[in-house]
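There are 4 protein chains.
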Amino acid sequence: MPPNTLPTDYAPEALPAPSRLESFSDGVIAVIITIMVLEFKLPQEPGPKAFITDVIPTLAVYLLSFTYTGIYWINHNHLVNRLKRVDAPILYANLLLLFCLSLLPFATSYVLSEKFNSFSVAVYAGELFLSGLGFVVLSAAVTRHFHRTGTANPVKLATQKAEGRKGFLSLALYALAVPLAYWHPSMAAADLALGTLLWIVPGFMLPASRHSESAGSS
Amino acid sequence: MPPNTLPTDYAPEALPAPSRLESFSDGVIAVIITIMVLEFKLPQEPGPKAFITDVIPTLAVYLLSFTYTGIYWINHNHLVNRLKRVDAPILYANLLLLFCLSLLPFATSYVLSEKFNSFSVAVYAGELFLSGLGFVVLSAAVTRHFHRTGTANPVKLATQKAEGRKGFLSLALYALAVPLAYWHPSMAAADLALGTLLWIVPGFMLPASRHSESAGSS
Amino acid sequence: MPPNTLPTDYAPEALPAPSRLESFSDGVIAVIITIMVLEFKLPQEPGPKAFITDVIPTLAVYLLSFTYTGIYWINHNHLVNRLKRVDAPILYANLLLLFCLSLLPFATSYVLSEKFNSFSVAVYAGELFLSGLGFVVLSAAVTRHFHRTGTANPVKLATQKAEGRKGFLSLALYALAVPLAYWHPSMAAADLALGTLLWIVPGFMLPASRHSESAGSS
Amino acid sequence: MPPNTLPTDYAPEALPAPSRLESFSDGVIAVIITIMVLEFKLPQEPGPKAFITDVIPTLAVYLLSFTYTGIYWINHNHLVNRLKRVDAPILYANLLLLFCLSLLPFATSYVLSEKFNSFSVAVYAGELFLSGLGFVVLSAAVTRHFHRTGTANPVKLATQKAEGRKGFLSLALYALAVPLAYWHPSMAAADLALGTLLWIVPGFMLPASRHSESAGSS
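Top line first, the protein sequences correspond to chains A, B, C and D. Okay, so the first sequence: first residue is 81 according to this note's numbering, each after it adds one. Okay, so the second sequence: first residue is 81 according to this note's numbering, each after it adds one. Okay, so the third sequence: first residue is 81 according to this note's numbering, each after it adds one. Okay, so the fourth sequence: first residue is 81 according to this note's numbering, each after it adds one.
No lab work stands behind these hints, which were simulated from the structure alone. Incorrect hints may appear among the rest.
Identical chains blur together in the list; that is why a pair holds if it fits in one copy or across any two.
Only pairs whose alpha carbons sit at most 20 Å apart, straight line, appear in this in silico EDC-like list of lysine to aspartate or glutamate [claimed, not checked]:
1) LYS241 / GLU194
2) LYS195 / ASP134
3) LYS121 / GLU194
4) LYS195 / ASP271
5) LYS129 / GLU194
6) LYS121 / GLU207
7) LYS129 / GLU207
Please read these numbers as outputs of a predicted model, since none were measured by experiment.
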């Protein structure tokens with residue numbers, strides 16, 4: 081292929097495949113999600129009573145954070161699965177998302193140690209907002225890559241657009257939780273749960289998957 | 081391919097390959113299995129005597145938990161190897177299994193710190209029951225995926241069915257260990273070992289492998 | 081192929097593909113980058129004031145180290161992406177780079193605990209110099225591999241040469257930061273930032289990517 | 081292929097590819113090698129003098145253990161690269177090797193805390209013997225797999241045989257270090273170094289690589 085047939089200075093085939101972005105992200109999220117559970121402390125006293133009072137509440141909160149991280153991993157999986165190549169903006173946006181997610185164990189410990197007072201719930205909501213923002217930025221970098229390289233069909237682009245709307249809706253819910261935490265922390269918690277529930281089924285609010293992604297790979 | 085030729089709203093080719101499920105699970109299990117061994121403490125006093133009394137018993141217990149986690153990894157390897165694509169229920173069932181497995185280091189520390197009294201052995205048996213349940217749920221999600229997509233031959237389905245029976249048998253043995261721990265902890269330990277021995281040879285109680293999986297890939 | 085048709089004793093097709101170098105490096109860098117963030121301590125006192133004074137400055141410094149490690153990961157990604165096979169010198173040079181990078185969390189903690197005095201900033205600059213040296217050595221091992229096996233086109237070789245120049249320039253800037261730390265620590269910090277900025281855009285100072293790497297893979 | 085054309089009950093194509101063995105091993109070794117370096121403690125007092133006395137000796141010892149683990153990773157890389165499929169004995173032998181390697185950080189801390197007295201050097205030599213044994217067992221499982229499946233050419237088998245001899249030679253050197261530690265610890269250290277030097281060049285004492293492995297893949 082003579083160089084002058086390339087209309088732009090952007091050659092998608094020169095870019096790396098997403099395999100390392102995937103394995104690096106898997107490694108980082110695996111360490112985040114596992115270290116959380118390994119932080120469990122032994123109860124101070126022996127016997128079933130100390131076990132139930134000390135271990136069960138911590139277990140419940142960490143199960144939530146594990147679920148939350150797991151949902152991000154599943155949606156990251158589906159987002160990156162749409163890509164054939166990755167460029168530098170996608171790699172940096174992915175690092176930003178990983179950085180935001182890596183603050184979740186700290187926010188979880190903080191909300192536990194502060195016994196769910198208004199400020200700590202607002203911090204936790206702020207951390208969920210940050211992680212959501214990281215995901216929206218990564219999704220936008222993917223959309224930009226599709227537009228610059230022309231490697232996506234209309235259906236993939238529609239999926240990206242719908243996922244962007246879903247991302248902004250959950251960001252709005254997370255942002256709302258910050259003032260709600262000062263009015264009533266449990267209302268904020270319900271609002272945060274709502275913002276996360278949107279993502280449990282990866283395809284919710286997106287075009288039907290048989291159209292969107294199968295068409296892209298044929 | 082025109083959309084109306086698809087009989088269901090479920091297009092297997094739109095789903096991600098299991099590569100990321102594998103690398104994420106490998107990462108999580110690698111952290112679980114390694115952190116356990118790295119938790120070893122130096123003996124309080126110098127010399128061979130303190131080394132033998134302090135290090136050898138801990139080493140023996142962690143060797144058991146390492147083996148146990150390793151057996152789950154090998155069987156996970158064989159289960160996921162049957163898959164070409166993964167859907168959301170498989171991804172969530174896999175997260176559940178990883179969460180259950182990640183509690184094993186805590187249960188191991190607990191049973192050591194409580195010196196194998198009845199309650200701590202019952203907690204350990206409960207954790208093995210949970211991990212077994214996680215594996216049965218993942219295996220059921222794989223079977224459901226095979227039925228919905230029609231991507232498995234009869235031999236793969238027979239393997240899944242046989243593995244399900246094996247899973248329920250080991251669950252029954254783990255559940256039995258909870259009351260046994262109150263009658264005699266060492267009987268419970270023997271019962272737990274029996275439930276685990278079933279899984280040491282991945283093909284035990286399953287149809288011969290030349291039929292089951294080679295046929296599936298041809 | 082009869083053995084006597086091989087002009088050298090060096091058969092590239094006998095060497096492993098870079099996949100394991102990639103996944104091992106991803107694992108090591110994932111642990112380095114995540115452990116840094118997990119080292120966050122809860123503030124000593126409750127409430128927003130302690131949160132802001134204790135958490136925000138640590139967060140800022142760790143964000144820098146996270147970014148720094150992330151930039152190395154991205155450039156490592158692009159460097160290794162040029163390879164089809166890896167030989168023992170590349171594997172050892174990669175281990176050297178990983179060792180140097182793994183000292184970054186320690187250097188970060190040290191500069192924080194010493195409150196940015198001249199010696200601690202010089203130690204931090206020395207660690208950045210070491211990491212830069214590790215990258216230059218790995219890049220040189222890749223160039224040597226290209227020359228010995230003849231597996232690179234002229235454009236890949238030109239990219240390697242340009243990247244080598246960029247590496248030596250940033251090494252010079254890092255080395256300069258060691259004496260600067262004794263003159264004025266903030267000048268040293270600016271100099272270190274300059275040496276790192278060179279690497280933020282992976283293609284900066286390199287031949288245009290459509291020529292360099294796409295030509296290599298066609 | 082009709083089932084009755086299979087002469088044995090062993091169908092290599094039913095077995096998983098080595099990709100997960102590789103990624104799991106990479107994960108475990110990545111955690112082992114990184115955690116060692118992250119265990120560095122800050123010096124007790126500020127300033128260059130405390131830095132040099134506290135940090136430099138620990139750095140030197142951990143550099144050795146990092147190198148040692150890295151050499152095992154490189155040789156593991158070359159060994160597994162010969163395989164197309166893995167069976168259960170290979171998976172278990174690999175777990176054994178990973179368990180042995182995971183004890184190295186503990187042995188390193190122990191020899192440091194005991195100030196290289198005879199017993200601690202003997203413990204360290206014992207740990208190197210164990211890791212060497214793990215590698216010999218894994219290599220034997222690979223050879224057995226080649227014989228059972230007939231998937232290796234004569235050259236691969238010759239490489240395995242030569243690697244086995246190399247393994248036994250280093251085991252003999254490690255075993256010799258245990259009594260040597262009671263005679264003179266520094267002689268034991270030299271002997272251990274000799275046993276490890278054999279493995280620095282992966283192809284040392286093996287048939288020339290152009291014959292051994294390139295022929296296998298053609």
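Name the hints, by number, that the structure is in violation of.
1
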